[in-house]
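Chains as they are written, first to last, in numbering that gives the first Met the number 0: chain A, 0 to 153; chain B, 0 to 153.
Among the clues, some could well be false.
Unchecked claim - Here chain A is said to cover these stretches of chain B; the calculated rule only asks that three of the stretch's residues, wherever they fall, bring their Cβ under 8 Å from a Cβ of chain A: (1) 50-56; (2) 85-94; (3) 111-119; (4) 123-129.
Quick caveat, the hints were computed from the structure, so don't treat them as lab data.
Ideal placement from N, C-alpha and C gives every residue a C-beta, glycine not left out.
2 protein chains.
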Amino acid sequence: MNAEFVNPFIGGLLNVLETMAQTTLTPGKPKRKNDDVAHGDVSGLIGMVGPNVKGSMSITFDKNLILSIMQNMLGEASSEIDAEVADMVGEITNMICGNAKRDLAEKGYEFGMATPVVVSGKQHSISHQVDGPKIILPFNHELGKAYLEICFDK
Amino acid sequence: MNAEFVNPFIGGLLNVLETMAQTTLTPGKPKRKNDDVAHGDVSGLIGMVGPNVKGSMSITFDKNLILSIMQNMLGEASSEIDAEVADMVGEITNMICGNAKRDLAEKGYEFGMATPVVVSGKQHSISHQVDGPKIILPFNHELGKAYLEICFDK
Numbered sequence: 000m001n002a003e004f005v006n007p008f009i010g011g012l013l014n015v016l017e018t019m020a021q022t023t024l025t026p027g028k029p030k031r032k033n034d035d036v037a038h039g040d041v042s043g044l045i046g047m048v049g050p051n052v053k054g055s056m057s058i059t060f061d062k063n064l065i066l067s068i069m070q071n072m073l074g075e076a077s078s079e080i081d082a083e084v085a086d087m088v089g090e091i092t093n094m095i096c097g098n099a100k101r102d103l104a105e106k107g108y109e110f111g112m113a114t115p116v117v118v119s120g121k122q123h124s125i126s127h128q129v130d131g132p133k134i135i136l137p138f139n140h141e142l143g144k145a146y147l148e149i150c151f152d153k
Numbered sequence: 000m001n002a003e004f005v006n007p008f009i010g011g012l013l014n015v016l017e018t019m020a021q022t023t024l025t026p027g028k029p030k031r032k033n034d035d036v037a038h039g040d041v042s043g044l045i046g047m048v049g050p051n052v053k054g055s056m057s058i059t060f061d062k063n064l065i066l067s068i069m070q071n072m073l074g075e076a077s078s079e080i081d082a083e084v085a086d087m088v089g090e091i092t093n094m095i096c097g098n099a100k101r102d103l104a105e106k107g108y109e110f111g112m113a114t115p116v117v118v119s120g121k122q123h124s125i126s127h128q129v130d131g132p133k134i135i136l137p138f139n140h141e142l143g144k145a146y147l148e149i150c151f152d153k
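My request is simple: use the sequences and hints to build the entire structure.
Okay, here's the thing in structure tokens:
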């Protein structure tokens, strides 16, 4: 999987959080080891299916970071990862993937998006079940970390 | 979403665990309330995309139940939900969805399967982000519970 494929997702994440939640994440060093996994407190996951390719994307947030995003995005303070936070993470997941889908369609890569699923639970881990290389992209913020992972089967 | 659509997934789950792991689950009463969520220690999730429909499926297991399935299926004892257990949950997820995909294709419902994602973490919860009705199907076993959830956007 090359940068041409990954960059639209990174751009989507940064753009969605900056415009919707006035939150700026700083990209860290990508992790490529197959036994690395993303850890966090809430994750949005979405499947992608194209004519010749299939894959999955996840975005994982630490609790304090997503609660701040919630406050900025919807003007509502939550102290816990509740159903409203989960809904917002589902929307963010859809928006990141939708952004990338449009960019990649212009480059000739076509896929359809499944419906997102949100997982909540203190320090859960995410493992994408695909053959081939996996890349986890960490992002830093003073309130916590986020991890973006995009995997395709080819 | 009607029984014709749900039953192939239930049949797939029961069949996969009986034939591969000599494990018999007992179906419980379906839950239909929108604020019900499935809880468990390890989950497999997969997205589905068809020409006119998209959705997601999850299968969630309590720890002691999945470790017993691991022992029966691969002859390997694990005391924790490690990478090997996660890989097996990914395979089970693929098999359940693949079984249902074949059955539903014969009935004229077509969709493609994304690649599965496995989530590990003590008592995490799963929330499918779709409009419309959601159905959680609980399954009982002396070692713990399993939850199957299938959601489509229409």
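These are the hints, each one checked on the structure:
Taking a C-beta to C-beta cut-off of 8 Å, the region 50-56 of chain B contributes 3 residues in contact with chain A, enough for the three needed, and the coverage statement holds. Interface restraint, the region 85-94 of chain B with chain A: holds (6 residues with C-beta to C-beta distance below 8 Å; minimum three). Check on the region 111-119 of chain B: 9 of its residues sit with their Cβ under 8 Å from a Cβ of chain A, so the three-residue criterion for coverage holds. For the region 123-129 of chain B, the stated coverage by chain A is satisfied: 7 residues place a CB nearer than 8 Å to a CB of that chain, which reaches the threshold of 3.
When the structure is compared with the earlier hints, no violation turns up for any of them.
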